[in-house]
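Chemist: Here the structure of chain A is known, so what remains is to put chains B and C in place on it, guided by the hints.
Protein chains in written order, with my numbering: chain A, 1 to 445; chain B, 1 to 229; chain C, 1 to 377.
It is worth saying that the hints were derived from the structure and are not from the lab. The model shown is predicted, which means the values in this text are computed figures rather than measured ones. We treat Cβ as the ideally placed atom computed from N, Cα and C, and that holds for glycine. Keep in mind that a hint or two might mislead.
[Said to hold, decoys possible] Lysine to aspartate or glutamate pairs mimicking EDC-like chemistry, simulated, CA-CA at most 16 angstroms apart:
1. K339(A) <-> D412(A)
2. K304(C) <-> D328(C)
3. K298(C) <-> E101(C)
4. K181(C) <-> E148(C)
5. K151(C) <-> E180(C)
6. K104(A) <-> E91(A)
7. K416(A) <-> E198(C)
8. K161(A) <-> D99(A)
9. K416(A) <-> E203(C)
10. K417(A) <-> E261(C)
11. K151(C) <-> D182(C)
12. K417(A) <-> E203(C)
13. K304(C) <-> E148(C)
14. K161(A) <-> D41(C)
15. K58(A) <-> D83(A)
16. K104(A) <-> D92(A)
17. K161(A) <-> D96(A)
18. K161(A) <-> E18(C)
[Stated by the list, open to error] Residues from chain A that face chain C, not an exhaustive set, calculated with beta carbons under 7 angstroms:
19. M63
20. S208
21. V422
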Amino acid sequence: MTMDIFALFAPPNLIDSFLLKFFAPETMNYVVWPFIQIGAVATVLAGWAAYASYLERKISAFMQARLGPMRVGPWGLLQPIADAIKLMTKEDLTPDDADPFIFKYAPYISVVAAFIVFAVIPFAPDWGVITDINIGLLFVLSVSSVGVLALILAGWSSNSKYALLGGLRSSAQMVSYEVSMGLSLVGALMFARTLSLSGIVQAQGLDSIWYFFYQPLGFVIFFISGIAENNRAPFDLPEAESELVAGFHTEYSGMRWSLFFMAEYAAMIVVSAVAVTLYLGGWYFPGTWRLMASYPVLYVFVSLFIFVSKTAILLYLYFWFRWTFPRYRYDQLMDLGWKWMIPASLVNIVWTALAIFVVQALNGWGGLRTIQSLTHGVNLTWAGKIIMVAFGFGGLFVTAAVLSMLNWRSRDFNLKKHRRQVRLVNSPKGQTAVASITKAVTSDG
Amino acid sequence: MILSGWESFFFWVFAFSAVIAALLTVMASNAVHSALFLISTLVSVAALFVLLGAEFIAGVQVLVYVGGVMVLFLFVIMLVNVGTEERGGGEELYNRPAQVGASLFFCVLLFVGLISAVNLSSAHFRAQPTTPGQSIEQMSAEQALVRETEQGMVASATGTSKISSDTERVGASLYRYGGLPFEIASVLLLVAIVGSVLLARTAKQEAAADDLAPETRAELSGDEALGIK
Amino acid sequence: MHQVEVATTQETLLDNPEMILNMGPQHPSTHGVLRIILRLDGETVIDLDCDIGYLHRGMEKIAEHRLYPMIAPYWDRLDYIAAVSNGLVWVETVEQMLGLEVPPRAHYIRTILTELNRIASHLLWLATHGLDIGSFTVLLWALREREEILKIFEQQFGARLTCHAWRIGGMPSDTYADFEKDVQRFVDNFPARLAEYETLLSENRIWLGRTVGIGVISAADAIAIGLSGPALRGSGVAWDIRKSRPYAAYADMDFDVPVGENGDTYDRYLVRLEEMRQSRRIVQQALTNLPDGPVNAKLPKIIKPPVGDYYHSIEGPKGEIGCYLVSDGTSRPHRVRVRPPCLINLQALRQMCIGHLVADVVAIIGTLDIVLGEIDR
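Same shape as in the complex, but just chain A (with noise of 0.2 angstroms):
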């Protein structure tokens, strides 16, 4: 443990000495760093996982005219750690009807299920990130749609209704929004042109420009995906306490019950993160590319910290539509799912082609240059740039207008209209007002 944050705050060449004393260099790079990078980001998420929940707590507490925990430590900042032991000491319950096997391990798949993403998660150049696979993206995908078994086991074997109503709408609720999820993802990486995170972060950084503004509408989708994707308000349908109680986890107790909560939170961090490496620059922010060559160390520090604080807004963006909105019913999130978003995102892969296709076409025309190069991703020039923000942003709009008029006679599109003002009526004082009781009955036959 100390080690590994000793790993994090010291300059890592000194380390790699080291330990070169001790172990062969193959297997220092292959085994040895690895298992330092594992456990410095382990334990770092696990910390921010569960501080995400104490931030959740004061932040929804000050949305909220009250104060939120203050009693554990200054301000309750302790208040996690007193959760922690409190959730560890307490009984581990199983009901007597569930298939003890599946009941115990579907916690664990989904915490594994979640943790697992962070492993190609690129948080900083250099060593500040585990591995750099070129199918980074897909794993990310793929690993965070095995997270869905531990729900739909969960309900399964807890043996009770309310957990298997919500298993079966979780798993309904996260085949859906995954497909609307990886589409959203492809527009983005037409840009970037490969699947690994760390290419597509660089991507951004030689091209200078966010995805967000050749994007606007991939953010979107991806953002409110994986919003639904994790089953956070307002799509937290499998959870809903008013309906099912605590659906798929109603008969968990104990640290099993926080595993799933452990993995909720660490998914919300995983989708936050991928949406800043696709479309905010992940750890690029303008101007610190200064200090790459003369202070390298403090550079990877400093792309670290400008990577957590924009996941870190991310973060406050789940928080601030949890406490705004109400929640979806089930059949509205299925048709938001299949027809708005999938829609949208078909268009806009449809509609970004069509962009990177009349930039392509413009570049010579007329002595325009929009294209710089096409060796790693889309460089454009300004020129290019200005085209390609314009198209992102007019697809806004053509977006809205397909999907009016793919949805323009279906309930939810015409929810506004049903917006109605009450009528008042003001019978004379002391008068009775049974005269209008009658005139409602007759006209009700």
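Modeler: Relative to the frame of chain A, chains B and C by itself:
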């Protein structure tokens, strides 16, 4: 391909776990447990794909099979209560000699198939040595694929180099050479989806779905074909 | 009550898509200990049955063994959210039996405090209804306003929830020193706060999607079932006892009765919000015209109403809360019966829910605004 060091260690770990989990899949008495072991098998095989340098296939296998197909499997298993066999019913189906015979026959088939497959593929590898003078342009696409795979596997799975860029190759071969079959398959799937929705969705559910604007529903209320009340 | 038919053998969910789901009595959103047995097809409600009585305390029977003044505190425990209104129906019934002339100042103070209680009750409805539909923030915002009212109650009556607010013939004491200032401050602050809740919910797409067209009940059906209060007015019937048979000081007040159109959850939501505004209007009028004078009528030492049957009802926050009293001329009532608005409103649940989803059941329970203390008594 020659495995060495950690690679061979991971190969044996995943190979054994794939085989054991596959055995448990057919041996488990509970259908949900079977599905779980099948998931383990699929994940182990995905890990073997990574060792082969085919990460894209590995990723897609986990995404599609574990995240999609197996979820639907579990969905069905949960809805269909498969308790009767577990409770000891259906013993009249057991026929010892036939079972043993069928198993032996299957083993022989498997053995022969494996041997011939290994022979064939090794012959394939030997048959196409890359001559030094031959440039990549002169090679057929297949030859280039083989060569790149061999090169790409030199330092796989341990992360020193970008392992291989097979994603691009999968994409290129799927959309360039296999464009038409790909589209036909997708249309076929679409037909299957539309058909199953049409078969499964009753008029009652259509009416309960409540996803039409009230005025539209009133407008369509006479329309029998939509089944909307 | 209607009995749910339980499917005989439930082989699998595919053979027989129907499922019996037991909601409550310890389910988080049945507003207490209501138990609902749902028959579901998938998540669509085919049929439901309410099982009540988990909070039965036999109040009406207890009342037969108590002296008239001693019964008033029990009435606070009926609808504990609106204890002040419930207390009023009891004392007014007895006052009418005795033919007592209550001083006008007492009437005005009763009007102010019952209207404040109506606002508090509607705020708690808004809070829990919002929570049922998943909007957590509105819960705490609404409770913040309710707290202001409860502080006034605490100052005035010495209790926040079960106040034992009234005595037969008037009030236990005159108002406290800063009463008018406190009420005025609440009246001044309230509209802005109410507008805040409206920004959070009224225009929200999800809120509209969850409430529009859910739990519709027509005016004729509502009258046939005997609904009262906002549940009735949401269906378009302008029936308000404060107007039709004014009690306390309502005859002197100028206010409107809000009425909905379609009788769905959204209409009832709007009606209740508007009712809070009208209540504020009434409080303001009563406060401006608050007369001076005594707050108690002269009472005999032992209250012995003349022989006979009496019925008196007032417009409680949930609907018409009435009290039917049979006196045999002794100091204890012969028989007491409460007309519980929540129990009668709950009858509409089955008709409102059938064909909707499980999530809507929760929303409909919320919109009926039930309190189990009064349903079970």
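Chemist: State for each hint whether it applies.
Modeler: Hints versus structure:
1. K339(A) <-> D412(A): holds (10 angstroms)
2. K304(C) <-> D328(C): holds (9 angstroms)
3. K298(C) <-> E101(C): holds (9 angstroms)
4. K181(C) <-> E148(C): holds (13 angstroms)
5. K151(C) <-> E180(C): holds (13 angstroms)
6. K104(A) <-> E91(A): Cα-Cα ~13 angstroms, so holds.
7. K416(A) <-> E198(C): holds (14 angstroms)
8. K161(A) <-> D99(A): holds (14 angstroms)
9. K416(A) <-> E203(C): Judged against 16 angstroms, a Cα distance of about 7 angstroms means the pair holds.
10. K417(A) <-> E261(C): holds (14 angstroms)
11. K151(C) <-> D182(C): Judged against 16 angstroms, a Cα distance of about 9 angstroms means the pair holds.
12. K417(A) <-> E203(C): OK: K417(A) and E203(C) at ~10 angstroms, within 16 angstroms.
13. K304(C) <-> E148(C): Since the Cα atoms of K304(C) and E148(C) sit roughly 39 angstroms apart, the hinted pair is violated (cutoff 16 angstroms).
14. K161(A) <-> D41(C): holds (13 angstroms)
15. K58(A) <-> D83(A): Holds, because 15 angstroms separates the two Cα atoms, which is no more than 16 angstroms.
16. K104(A) <-> D92(A): Judged against 16 angstroms, a Cα distance of about 10 angstroms means the pair holds.
17. K161(A) <-> D96(A): Given that 16 angstroms is the threshold and the Cα spacing comes to 14 angstroms, the pair holds.
18. K161(A) <-> E18(C): Distance ~12 angstroms between K161(A) and E18(C) Cα, so the pair holds.
19. M63: holds (6 angstroms)
20. S208: It is violated, given that the least Cβ distance between S208(A) and chain C is near 38 angstroms, above 7 angstroms.
21. V422: Holds - the Cβ of V422(A) comes within 7 angstroms of chain C, reaching about 4 angstroms at its closest.
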